[in-house]
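> Those sequence lines, one after another, are chains L and P. Under our numbering, the very last position in the first sequence is 308; numbers go up by exactly one each time. Under our numbering, the very last position in the second sequence is 308; numbers go up by exactly one each time.
Because the hints were derived from the structure by calculation, they are not lab data. None of these values were measured; they are calculated from a predicted model. Where is the CB? At the ideal position from N, CA and C, for every residue including glycine. Treat the hints loosely; a few may be bogus.
Claimed, not checked - Keeping only pairs whose Cα atoms sit at most 20 Å apart, straight-line, the calculated EDC-like set for lysine to aspartate or glutamate is:
id	chain 1	residue 1	chain 2	residue 2
1	P	Lys286	P	Glu260
2	L	Lys101	P	Glu100
3	P	Lys246	P	Asp236
4	P	Lys97	P	Glu124
5	P	Lys118	P	Asp58
6	P	Lys22	L	Glu51
7	P	Lys246	L	Glu86
8	L	Lys296	P	Glu51
9	L	Lys246	P	Glu86
10	L	Lys125	L	Glu220
11	L	Lys291	L	Glu302
12	L	Lys52	L	Asp8
13	P	Lys247	P	Asp236
14	L	Lys245	P	Glu86
15	P	Lys245	L	Glu86
16	P	Lys101	L	Glu100
17	P	Lys296	P	Glu265
18	L	Lys22	P	Glu51
19	L	Lys283	L	Glu238
20	P	Lys296	L	Glu51
21	P	Lys180	P	Glu163
Stated by the list, open to error - Coverage of chain L stretches by chain P, computed from C-beta distances (three or more under 8 Å per stretch; other residues unrestricted):
id	segment
22	46 to 58
23	227 to 233
2 protein chains.
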Amino acid sequence: MLDVCLLGTGGMMPLPKRYLTALMTRFNGSALLIDCGEGTQVTIREKGWSMHDIDVICFTHYHGDHIGGLPGLLLSMANAERTEPVTLIGPKGLEKVYRALTVIAPGLPFEVKFCELSEKEECFEINGYHITAFRVLHNVVCYGYSISIARAGKFMPEKAEENAVPMRIWSRLQKGETVTYEGVTYTPDMILGEPRKGLKVTYCTDSRPTPSITEHAKDSDLLICEGMYGDPEKQDDAVKKKHMMMQEAAQIASEAGVSELWYTHYSPSLVNPGIYIKEMKNIFKKTIAAKDRRTVELRFEEE
Amino acid sequence: MLDVCLLGTGGMMPLPKRYLTALMTRFNGSALLIDCGEGTQVTIREKGWSMHDIDVICFTHYHGDHIGGLPGLLLSMANAERTEPVTLIGPKGLEKVYRALTVIAPGLPFEVKFCELSEKEECFEINGYHITAFRVLHNVVCYGYSISIARAGKFMPEKAEENAVPMRIWSRLQKGETVTYEGVTYTPDMILGEPRKGLKVTYCTDSRPTPSITEHAKDSDLLICEGMYGDPEKQDDAVKKKHMMMQEAAQIASEAGVSELWYTHYSPSLVNPGIYIKEMKNIFKKTIAAKDRRTVELRFEEE
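Make the full structure from the sequences, and use the hints.
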């Protein structure tokens with residue numbers, strides 16, 4: 006099961022009832038965050054999730070509304086007695102930005118590891134999260150992220166027997182380990198069926214529509230995508246500022262064949278994002294104008 | 006009239022219904038801020054005051070809970086089309102901390118001026134605010150602030166006649182100008198009575214009790230002071246972390262003869278600061294356990 010919470014849905018500046026865009030997920034006791042604008046720690050508290058367990062923080066880019074809450078969050082994680090390392094992932098320059106911002110958060114009691122992105126696409130495996138960062142199209146270098154949870158094939162005792170796999174190593178193979186036992190090496194596929202459909206969430210803000218988004222969003226259970234404006238009159242603004250219209254996000258969702266689309270990163274000028282939903286559903290039916298702390302528990306398909 | 010709003014009352018970390026300690030005042034079209042932790046811009050919006058008019062930001066010190074909201078606030082001021090300079094006042098190192106934090110707020114459309122404090126006491130005159138910064142006692146260099154509004158003496162026509170002051174320069178003298186007219190220099194005191202009682206607000210957090218606070222709080226209309234804990238069992242914690250107990254703040258208010266005391270900078274562990282008020286009123290009667298956005302309009306005394 007993958008818990009997904011869109012902590013905030015605001016773009017540019019936090020508003021009294023709309024925090025800045027950030028995504029939090031929980032899987033198998035490990036939490037992951039994408040973006041961390043001013044106030045992210047407050048909305049995590051409002052949600053009632055634990056800051057202590059955040060093992061990975063991914064950044065799309067370093068505009069203030071996507072990273073301004075980092076020093077406060079780290080201080081609160083320290084206050085929650087975290088001592089395990091935290092991994093930060095983000096475009097080149099990450100460590101420099103981190104060092105600058107944490108001038109007001111000295112002496113953190115945990116190690117911080119940096120993964121600086123420079124390729125068009127980069128992948129990471131952390132605590133069962135398969136993280137793919139992919140370059141998108143903003144006015145500074147910016148990345149979207151796909152978070153996937155793999156699901157192994159079903160255990161097949163008849164296959165285990167066929168391959169003469171000793172019963173005492175079955176459970177380790179089922180967990181994905183390769184095991185050498187009495188001089189023979191056994192691999193998980195010797196007892197498992199074909200890998201089954203896993204879970205996938207894709208997150209993209211801030212960007213103009215660009216093929217890498219559609220490509221990486223493909224077959225996601227959930228696409229969380231910028232819908233900065235809904236009013237067609239704002240199209241020129243969106244192009245100029247390298248942001249995305251709701252219409253464009255719905256088009257991407259449709260082409261990528263995702264199961265559901267949530268809008269986020271609304272312009273502060275957009276008081277009620279919901280007013281455009283009827284129109285957007287004509288482009289992509291399963292579209293939702295998300296509000297702060299919208300949550301879903303994604304589960305593996307039933308057999 | 007001096008408008009005073011205690012935007013937040015939290016210490017250490019912002020909570021869902023308790024923003025970090027920050028004070029905002031408005032006088033004669035000019036706003037002043039003391040401290041700017043994460044979320045300060047949100048609480049200014051909740052209050053409905055304008056960020057555009059903030060001319061001065063004073064910092065007590067550079068722990069995250071007192072300055073983490075600065076880059077976001079400045080970005081929002083830029084977004085509100087401010088172009089006039091902003092003056093920052095704070096302990097030595099201010100410009101360095103500012104440069105670090107604003108790595109995520111590039112290209113601000115207004116000039117930022119820095120007043121770095123190094124003396125035990127320093128004074129500034131800005132837009133009618135008389136600002137006194139005074140060193141207090143925390144685990145890093147930290148300052149309290151007194152904000153005063155002076156009030157000139159009453160206009161006395163009989164004095165103007167006695168001193169043969171030409172009527173056409175009366176209004177300029179009343180505004181406090183010194184005027185040379187037809188070769189003679191005239192000063193405001195030639196037409197005004199003794200200066201009258203002005204307005205004074207003193208703000209202090211984070212600190213142990215120390216004589217400079219009592220001295221500078223003397224005769225304030227309002228003292229806003231840290232009351233981190235109310236439970237006497239927390240006294241050792243307060244001493245160790247160089248914070249102040251409510252009891253100690255009430256004692257200072259009593260000795261300084263202030264008109265009213267508001268507590269702020271509560272520990273996150275303190276769910277209901279109001280439970281200690283009855284006891285504190287025995288030390289200083291006009292004590293208030295302030296909540297976020299507590300506001301007062303201070304007015305000059307009636308004649």
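> If a hint holds in the structure, say so; if it does not, say that too.
Comparing the hints with the structure gives:
no.: 1; hint: P/Lys286 / P/Glu260; verdict: 14 Å, holds
no.: 2; hint: L/Lys101 / P/Glu100; verdict: 18 Å, holds
no.: 3; hint: P/Lys246 / P/Asp236; verdict: 15 Å, holds
no.: 4; hint: P/Lys97 / P/Glu124; verdict: 10 Å, holds
no.: 5; hint: P/Lys118 / P/Asp58; verdict: 15 Å, holds
no.: 6; hint: P/Lys22 / L/Glu51; verdict: 9 Å, holds
no.: 7; hint: P/Lys246 / L/Glu86; verdict: 17 Å, holds
no.: 8; hint: L/Lys296 / P/Glu51; verdict: 19 Å, holds
no.: 9; hint: L/Lys246 / P/Glu86; verdict: 17 Å, holds
no.: 10; hint: L/Lys125 / L/Glu220; verdict: 13 Å, holds
no.: 11; hint: L/Lys291 / L/Glu302; verdict: 17 Å, holds
no.: 12; hint: L/Lys52 / L/Asp8; verdict: 12 Å, holds
no.: 13; hint: P/Lys247 / P/Asp236; verdict: 16 Å, holds
no.: 14; hint: L/Lys245 / P/Glu86; verdict: 19 Å, holds
no.: 15; hint: P/Lys245 / L/Glu86; verdict: 19 Å, holds
no.: 16; hint: P/Lys101 / L/Glu100; verdict: 18 Å, holds
no.: 17; hint: P/Lys296 / P/Glu265; verdict: 15 Å, holds
no.: 18; hint: L/Lys22 / P/Glu51; verdict: 9 Å, holds
no.: 19; hint: L/Lys283 / L/Glu238; verdict: 18 Å, holds
no.: 20; hint: P/Lys296 / L/Glu51; verdict: 19 Å, holds
no.: 21; hint: P/Lys180 / P/Glu163; verdict: 18 Å, holds
no.: 22; hint: 46 to 58; verdict: holds (count 4)
no.: 23; hint: 227 to 233; verdict: violated (count 0)
Against the hints set out earlier in the document, a violation occurs for number 23 only.
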